[in-house]
Amino acid sequence: MPSPGPQHRLRMHAVLRRWYVVLAVMALMVPAVLQAAGATGVYWSKVDVVFYPPSGAAAGNPLRADSQATIHYAAMVERLVNGERGDAEPGTTSADLYGTGLRNGYSVYVPSSGGQWQNSFDRSAITVEVVAETRDEVSRVLTGIVDRIETTAAERQEAMGVIPRSFITTSLSPGTPEISYQAAKPVYAASALAVLAVGLSIAAAGFVDRLTLRAAGRRAQLRPRAPTARDRTEVRS
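Its first residue numbered 1, the sequence shown is counted upward by one per residue in our numbering.
Just so you know, the hints here were simulated from the structure itself, not pulled from any lab data.
The structure displayed is predicted, hence computed values, not measured ones.
Certain hints may be false.
As the list claims (entries may be wrong) - With beta-carbon atoms standing in for the labels, derived distance ranges:
#, residue 1, residue 2, range
1, GLY199, ARG9, 12 to 22 Å
2, ALA215, SER191, 30 to 40 Å
3, LEU200, GLN68, 49 to 59 Å
Yeah, the Cβ is synthetic: ideal placement off N, Cα and C, and Gly gets one too.
Generate coordinates for the entire structure from the input sequences, incorporating the hints supplied.
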């Protein structure tokens, strides 16, 4: 087994000299570790509000009966619905909402089939995701958002003078949204925080040790130097 290098020994000496810094950082991290260890899961639901072009020739509908026009209309409705939220951020399809760590909230977005660097919208739908700590809260929020989307989609067409039989229509997929419980993984979260706490405590001890040694060196330089035998000889002469 190779012996520890000089950098490793320096870090260990710093930890031993500044043990109180290590204890302070660990004490600050204990509440976060305990909270992560006792974390519970959340309830989550996801549904698509699908937009369908009008059947037939779509006479009287300036939006036309083609898929691209329907996709653009769905995107416009999504922007209007998200515009009601002052803190709205663009939604993502790369991970489910519960996987982001959010415990109470929702996301409304047009699903993209593109990669990380480029969006590609090929579905005329708006996806709604909701997470909350209770099943009833998920149901309440989801119902409210879906109602807003459907109402906005109809009202905008009325404002443009589209006749009802030429409306772009909507429906839910799945028809009855399922609400599922997503269990937390407290062991992994607590372990990650514990490792982070150890790393932070070692780094903090090293930082404080360097500052302390540097300050001690400056004080030593400023301290008056004691006269040596040579100095005394020069004074007598």
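Status of each hint after checking the structure:
1. GLY199 / ARG9: 12 to 22 Å: holds (18 Å)
2. ALA215 / SER191: 30 to 40 Å: At roughly 37 Å between Cβ atoms, SER191 and ALA215 fall inside 30 to 40 Å, so the hint holds.
3. LEU200 / GLN68: 49 to 59 Å: holds (52 Å)
Violation of the numbered hints given earlier is absent; every hint is satisfied by the structure.
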